[in-house]
Amino acid sequence: MTVLLEARGVGKSFGGVQALKEVSLTIAAGEIYGLIGPNGAGKTTFFNVLTGLYQRDVGEISFDGKPLRLSSPHQVAHAGVARTFQNIRLFANMTALENVMVGRHLRTRAGVLGAVFRNQATRKEEAAIRRRAEELLRYVGIEHRADTIARHLAYGDQRRLEIARALATEPKLLALDEPAAGMNATETAGLKVLIEGLRADGLTVLLIEHDVRLVMGLCDRVAVLDYGEKIAEDVPASVQKNPKVIEAYLGGTA
Amino acid sequence: MGLIAVALAIAPLVIGASLGNAWVRVLDFAALYIMLALGLNIVVGFAGLLDLGYIAFYAVGAYLYALLASPHFGLHWPIWAVLPLGALVAGMFGILLGAPTLRLRGDYLAIVTLGFGEIIRIFLNNLNAPINITNGPKGIARIDPIMLFGHQLSKPVDIGGFSISGVMLYYYVFVIMALAVVFVGIRLQDSRIGRAWVAIREDEVAAKACGINTRNVKLLAFAMGASFGGIAGGLFASFQEFVSPESFGLMESIMVLCMVVLGGMGHIPGVILGGLMLTILPEAFRQGAGPVQHAMFGKVLLDPEALRMLLFGLALIAVMLYRPAGLWPEPRHRRELGR
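Residue numbers (the working numbering), protein chains in the order written: chain H, 18 to 271; chain S, 7 to 345.
Any given hint could turn out to be false.
Unchecked claim - Facing chain S, according to a computed beta carbon distance under 7 angstroms, are these residues of chain H, among others:
#: 1; residue: 90
#: 2; residue: 91
#: 3; residue: 95
#: 4; residue: 109
#: 5; residue: 110
#: 6; residue: 118
#: 7; residue: 119
#: 8; residue: 120
#: 9; residue: 122
#: 10; residue: 123
#: 11; residue: 127
#: 12; residue: 132
#: 13; residue: 133
#: 14; residue: 186
To be verified - Stretch by stretch, here's where chain S covers chain H in the computed footprint (C-beta under 8 angstroms, at least three residues):
#: 15; segment: 97-108
#: 16; segment: 135-149
Stated by the list, open to error - Selected chain S positions facing chain H (Cβ under 7 angstroms, derived; list incomplete):
#: 17; residue: 190
#: 18; residue: 197
#: 19; residue: 198
#: 20; residue: 201
#: 21; residue: 202
#: 22; residue: 205
#: 23; residue: 209
#: 24; residue: 218
#: 25; residue: 219
Quick caveat, the hints were computed from the structure, so don't treat them as lab data.
This one's a predicted model, so the numbers in the text were calculated from it and none came from an experiment.
Beta carbons are placed, not taken as given, at the ideal position from N, Cα and C, and that holds for glycine.
Could you build the full structure based on these sequences and the hints that come with them?
Right, dumping it as structure tokens:
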């Protein structure tokens, strides 16, 4: 097992609230790793710390063998971590295709001069961006919606578009923040197939999810956060039986 | 395309013959304002950064040319050397404004940029002591007109017994420059950089997560927008042959912003329409309001100047109420149904 991501003692507090307390976890390359926990347990905070939206107070994170220093989101994206958001954040007035094309920004280089003079290198790059974006839309299954404005897409399609945009940055680790939230059973089943396909294509997935059936059916390993602390980490079947986890979800025994 | 070219070419001749050269002068200004509006459109329309001090870059370009091509310092640089320099210097001022405001958005950014615009104007007003650089409120006069093929554009030329006035010659130069600015604007919009700008406007956090270095991309928007203003400023100074700080007040910034917003933020044809309308209509009104009142009531009841601002305000409110996206917004839905 090669380790893709290792977090050691990561802590983050907001004023007096300790949102994350020395969270350590390792994610192996090629696995689907679930992060669950009751509301307010610190799952999204961990995501934001990992992706550079927040700066951690203490702890180390190493990714793909290199330390991930305190850095800005675009540097984390550059290192190969892409994410989606709990409350979908698309570029609402751009088309689906354009959304994915923005995701290619990171891996392309044309500047102002290239844009104005449209030299051969720029034209080639632009064509490649478009081609790749179309491929990704096909991959997530919304290619027929390429020219639809993002905010006009159906909810499930918006989720898929966000994944396509994240994939456009060529990540090694795809972090999905509650991708099934608000989806109906059919959409969730479709999402499961999509995520399994991602793993089959060699991607590592970090998944925050409330839908227990989805997590249990999909994840290789699961970590449970409660009040900012990791209280369990194991294969889904034994996490489900862990008394600490049951207590966290159902409330303390009086 | 060809039709537009012909219309642009004969417009000053027709208007000059029918309405007089004063109206050709209005067209000259329309071209300048269109350049300004397109520059501001990059910052406000594409990148979504509200800038209320944009006219400062116009001032930078204008003063740069005034200082380098007037008897004030005894320098007489050719305009074709000063314009690129003006674009560069204005672009640097754009970065100077952008750098400290990177974390600001919306109203906060608007206030800081407004202050920046005023600072530049006040500097121009006061930099006549201890060393006289800008000549203070008196402004700089006798600036060199544009020289083209050894001919001063301020003087008329005779072509086959047909005299073409200076304002018309300027018109052609300005229109060509404006077309170049339109071209650059369109190319930028439809590029990797343009998409990154719009992405920041739509959702800055998501843009960051997509790997866009929002700091650099925003600074680039400020610099590009400012450089358009710098070029327009140089042209303005050569056309007026005079600059003074009062040409670069807050009202001018607001006027250019209105062109962008009324026309259709982020939509280049809309912004051009906005620029044209807001230069030509007030002028038409200024000249027409008096005579019309005279014909209707036998006397002038309302001062045309006051009436003009009143109607301008009403028009703004009406557009914001009934066409909040501008008079000619981006036809997004059409593109969506098109293919």
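Cross-check of the supplied hints:
1. 90: holds (4 angstroms)
2. 91: holds (5 angstroms)
3. 95: Check passed: Cβ of residue 95 of chain H comes within 6 angstroms of chain S, closer than 7 angstroms.
4. 109: With Cβ-Cβ at 6 angstroms, under 7 angstroms, it holds.
5. 110: holds (6 angstroms)
6. 118: This interface hint holds because 6 angstroms falls under the 7 angstroms limit.
7. 119: holds (5 angstroms)
8. 120: holds (5 angstroms)
9. 122: holds (5 angstroms)
10. 123: holds (3 angstroms)
11. 127: holds (5 angstroms)
12. 132: holds (3 angstroms)
13. 133: At about 5 angstroms, which falls below the 7 angstroms cut-off, the nearest Cβ of chain S leaves the hint on residue 133 of chain H intact, so it holds.
14. 186: holds (5 angstroms)
15. 97-108: Since 6 is at least three, the answer is holds.
16. 135-149: holds (count 5)
17. 190: Hint on residue 190 of chain S: holds, closest Cβ of chain H at ~5 angstroms, below 7 angstroms.
18. 197: holds (3 angstroms)
19. 198: It holds, given that the least Cβ distance between residue 198 of chain S and chain H is near 5 angstroms, below 7 angstroms.
20. 201: With Cβ-Cβ at 5 angstroms, under 7 angstroms, it holds.
21. 202: holds (5 angstroms)
22. 205: Where the cut-off is 7 angstroms and the nearest Cβ of chain H is about 5 angstroms from residue 205 of chain S, the hint holds.
23. 209: Check passed: Cβ of residue 209 of chain S comes within 5 angstroms of chain H, closer than 7 angstroms.
24. 218: holds (5 angstroms)
25. 219: holds (5 angstroms)
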